[in-house]
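Number of protein chains: 2
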Amino acid sequence: MEQWTKSESRIVRIEQTLARRQPGLVVVLENVHDPHNIGAILRSCDAVGVMRVMMLYTIEEPPKIGVTSASGAMKWVEFNRFRSVAACFDELHSEGFQILATKIEPKAASLYSYDLAKPTALVFGNEHRGISDEAASAADGLIYIPMMGMVESVNVSVAAAISLFEASRQRATKGMYDVPQLSPERLRLLADDWIKK
Amino acid sequence: MEQWTKSESRIVRIEQTLARRQPGLVVVLENVHDPHNIGAILRSCDAVGVMRVMMLYTIEEPPKIGVTSASGAMKWVEFNRFRSVAACFDELHSEGFQILATKIEPKAASLYSYDLAKPTALVFGNEHRGISDEAASAADGLIYIPMMGMVESVNVSVAAAISLFEASRQRATKGMYDVPQLSPERLRLLADDWIKK
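The listed protein sequences correspond, in order, to chains A and B. Residue numbering for the first sequence follows the working numbering, beginning at 632 and increasing consecutively. Residue numbering for the second sequence follows the working numbering, beginning at 632 and increasing consecutively.
Each hint can be trusted.
When chains are identical, the list treats them as one kind, so a pair holds in a single copy or across two.
Straight-line Cα separation of at most 20 Å, DMTMM-like style, residue types lysine to aspartate or glutamate; simulated pairs:
1. Lys749 x Asp809
2. Lys828 x Glu783
3. Lys706 x Glu783
4. Lys738 x Asp771
5. Lys828 x Glu639
Worth flagging that the hints you see were computed from the coordinates, not collected in a lab. These numbers were taken from a predicted model, which means no experiment stands behind them.
Given these sequences and hints, build the entire structure.
The following block contains the structure:
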């Protein structure tokens, strides 16, 4: 009985989480190399309802993340692997996503100036090199996070959290967590899949 | 000449940063023990204009943070040490701060429901225990960061970044980075001090 109650509440939790998933918010990790950063980003993804992370590794090999603090969040996020910017961005564009890449440079606009409730892919770059020139020029927009301090940078996992939770704030304002964004068919298929995890 | 130009631009940078500092936004770290978390939090503090961090260590010893990635940000933030919640919160209350503590519990309200442009102290707790009961009950409000995923937590440095950048977003909307929040006297004293760093 105890066991039954526990698994019942797990099913309810899974259904509630799926009902809040945001298929219209995607993350692209371009050569991000530190597994702990990826782990923290995946936790933020799960927290705001991102269900799909594009692993775009053109230089670094995709790191093993199963051993980090991400292992909890990893289960609830789907991964797509890409070896070229073109393949990744073409797929996103064909699905109607705006692609926004985080980069500090004059052409970039403030995070808060973008409508992140639209189908949006947020691209985060390598810890040392940042976003590649190819990704920056193929993106639909460049984002910077306004900073007013002496030290003009934050860790990539912090930048991702700030961006993703701003997207979440905007989406919550529009009621996008109150109505399922997935079709009833997809909700049912995913629920069957998640219950087995 | 080269040298002169460089130090001139440094002075301009210092003056610009000080003109954006937010004396009305303070961070309290209650027994946060991981130096890397503290380092990341200090970078977020510097980035949004926090100039004062209260180190409230009632159980853990304040960790040494000089060796972490914080070393850049540390220089630009002032530290006050406290050994009791009462001493720390009394000082903040006497200066007119609302004290908001991050804690996931039924009485907490969403981060986005608070006016963070008011004089505000944000309290972040220990990585394992969270905020102490004493701090939670003495705070003026409890904050939670809305999360919609299967994993209901983020790292304390990520929670701090989300909260601090939301405060920054609200303050930017009110033009609080466009007009110096420090008196001309304090700006001058701090500029003299910072130029020597």
